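Undergrad: Chain R: place on chain G using the hints.
There are 2 protein chains.
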Amino acid sequence: MAESLAPGDTIGILGGGQLGRMLATAAAQLGLKTHIFAPEADSPAFDVSAARTIAAYEDETALKAFAAAVDVVTYEFENIPAATAELLAGLRPVRPGPAALAASQDRLTEKDFLTGLGIETAPYLPVEDAGALIRAVGKLGRPAILKTRRFGYDGKGQVMIREGSDLGAIFRSLGGAPAILEGVVPFIKEVSVIGARGLDGSFVAYDVTENVHANHILSVSRAPAKIDAEAAEVAIATAQKIADALDYVGVLGVELFVTEEPDADGRPRQTIRVNEIAPRVHNSGHWTLDGAVCSQFEQHIRAVAGWPLGLARRHGAAVEMRNLIGEEANAYAEILREPGACLHLYGKAEARPGRKMGHVTRILDRDV
Amino acid sequence: MAESLAPGDTIGILGGGQLGRMLATAAAQLGLKTHIFAPEADSPAFDVSAARTIAAYEDETALKAFAAAVDVVTYEFENIPAATAELLAGLRPVRPGPAALAASQDRLTEKDFLTGLGIETAPYLPVEDAGALIRAVGKLGRPAILKTRRFGYDGKGQVMIREGSDLGAIFRSLGGAPAILEGVVPFIKEVSVIGARGLDGSFVAYDVTENVHANHILSVSRAPAKIDAEAAEVAIATAQKIADALDYVGVLGVELFVTEEPDADGRPRQTIRVNEIAPRVHNSGHWTLDGAVCSQFEQHIRAVAGWPLGLARRHGAAVEMRNLIGEEANAYAEILREPGACLHLYGKAEARPGRKMGHVTRILDRDV
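As they're listed, the protein sequences go chains G and R. Once you know that position 183 of the first sequence is 183 in the UniProt record's numbering, the rest is easy, because the numbers rise by one and skip nothing. Once you know that position 63 of the second sequence is 63 in the UniProt record's numbering, the rest is easy, because the numbers rise by one and skip nothing.
Don't read these hints as lab results, they were simulated from the structure. The structure presented is a predicted model; accordingly, all values stated were derived computationally and were not measured. A portion of the hints provided could be inaccurate.
Copies of the same chain look alike in the list, so a pair counts if it fits in one copy or across any two.
Said to hold, decoys possible - Below, in silico cross-link-like pairs of lysine to any residue (SDA-like), each with a Cα-Cα straight-line distance of 25 Å or less: (1) Lys226 / Leu174; (2) Lys226 / Gly316; (3) Lys64 / Lys156; (4) Lys241 / Glu190.
This is chain G alone, in the form it adopts within the complex:
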């Protein structure tokens, strides 16, 4: 396998946050070195990587030196500038590849891609200007959500349109950026599939995970999700379909809405719709670190190294992961005292509001 790494080889990781940190740790377990490329001098991932580059993602000289020092490139976030990805892809394998970045960086491209695969999403319309917004709201109705096409995360770059909302003011509040209007899906649950696809096209997925958000930020994930077995099967098959269509290599997070409507006989039937794709390890998969045989981080490292995927089997009857956001991490001493609570802190110096400082996993003997 010429495209596979050998122990001692180096994985280059773009981004030095907690995802890069947990990826670097997983790589070390497997005898691989990591080289983190990040602009911030105090990046949490630097503490656990053999090498680092502190430079802007647009610094071509630094990118070329980075590529020369590593055997394969991966990333912890999807908003890699296209020019950066292209430059690196010309020098080293970039996994997941450029198609995954293109499909996930822009909400309109993402929805068009999913729709083209026959996968259901929220209803949506592109919005280039205030006039288009008025027409789109006319078609999709209220409530609806206006989102910038690019660079949104944790609820940033989106605004809810309700009865009486001033559409002109709302469009201006996003700074005139190209946007997309999405109809509101009347979901009963938000779930995600964390799947991994290997260089050989093999695919594994963890149990579908149920997610609870607070202030647009993931708060709690629980696996397995309490949804119908058929909906769970469809969710996993959907993630595989996406990964196959992108010739994906690595871990992929797919966020989905579950809706429930009566079927022809009046029995409740669950349907899934894809909300968005994350071409990377995903916050809702953090439970796999303590709660599965092979974690999502090891799975991603195996995939980008060109190695076989690991076993996604869950420990325990159920696993719960809670994010520690901002000041919540101050409860670390209490969490350490709780038998069986697995604490993870990301080594961030400052606990700003909304900042993910760590998480805690609980492996449960009983169903939740």
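TA: Same frame as chain G, but now just chain R:
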């Protein structure tokens, strides 16, 4: 708790091998930084630590700078020079403390310490010269094992005395170093207890682990050990007695022999005898990384940080750990293909014979 660390604080680790590497990874998970002090420039632990010092253990200037840069000092091996430990202990808390080093660095001191606690060991006698060896063999009989009092590991510094062995030649083969003669214990199994004692005196232990050695090097560990429940209880109580006597802080490995003799009614009864104490995380506890809620490495970090101990509960019906010694690590690709096998490679450049290159853990659904 003034003696406890806070997230972001730094644990100094003496020694940069695989144990230091896995300790550093566990510290990072908990939001603590590590600073590795090791003489070898290519130490495996450097890849996963925020800071490093490359210097000899006798370099006082380097040791002082190291102490000034860390909040607490621990170590991955027991053969720390006494002067090094004393110097550091004068500047920072050293955990486990000097008593643990003193009790474990010298086989004679160790046996006297254990005997003083009423703990059974192999019969032993000190051997200062060839004449003392002849007298000791006369008392303990043959076979017996002559071991140097200090600096032995993986069978180094020991030699078996059989019928017809030339005692003078054997004494000279150890270079005239102070030695100890041990009677051979007719054990049916070798087991170990991996226990942890916190700064507050609390104690937890993992399931007693059964160990198989090949060429004096640990080959396979399995938990739980298939020994009588009473013997397992005594083994764990013995480890706790040792830890309490040393006012120990951290993870302790206690190697034990299990013998079986008929009791008064002719029923087989198992007895344990302590072979040796390791004042550190121990190879036979590596299964806890994948096979327990809180690993021995996290447990040690919690203890030396002055934090509460974690849950030592096992995943699965049983767990097996195999060392990958020397060329055995070349089988990594095959191990990666095996569903559920958890591979660990230590990042060592050269696979010398007898060198521990990695290990593989298997969590088993069934008893072994």
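Undergrad: Confirm or reject each hint.
TA: Hint check:
1. Lys226 / Leu174: Answer is neither: 36 Å inside a copy and 66 Å across each miss the 25 Å cutoff.
2. Lys226 / Gly316: both (15 Å within a copy, 24 Å between copies)
3. Lys64 / Lys156: neither (32 Å within a copy, 48 Å between copies)
4. Lys241 / Glu190: Answer is within; shortest intra-copy Cα gap is 20 Å, inter-copy 51 Å.
The structure does not agree with the numbered hints 1, 3 stated previously, though it agrees with the rest.
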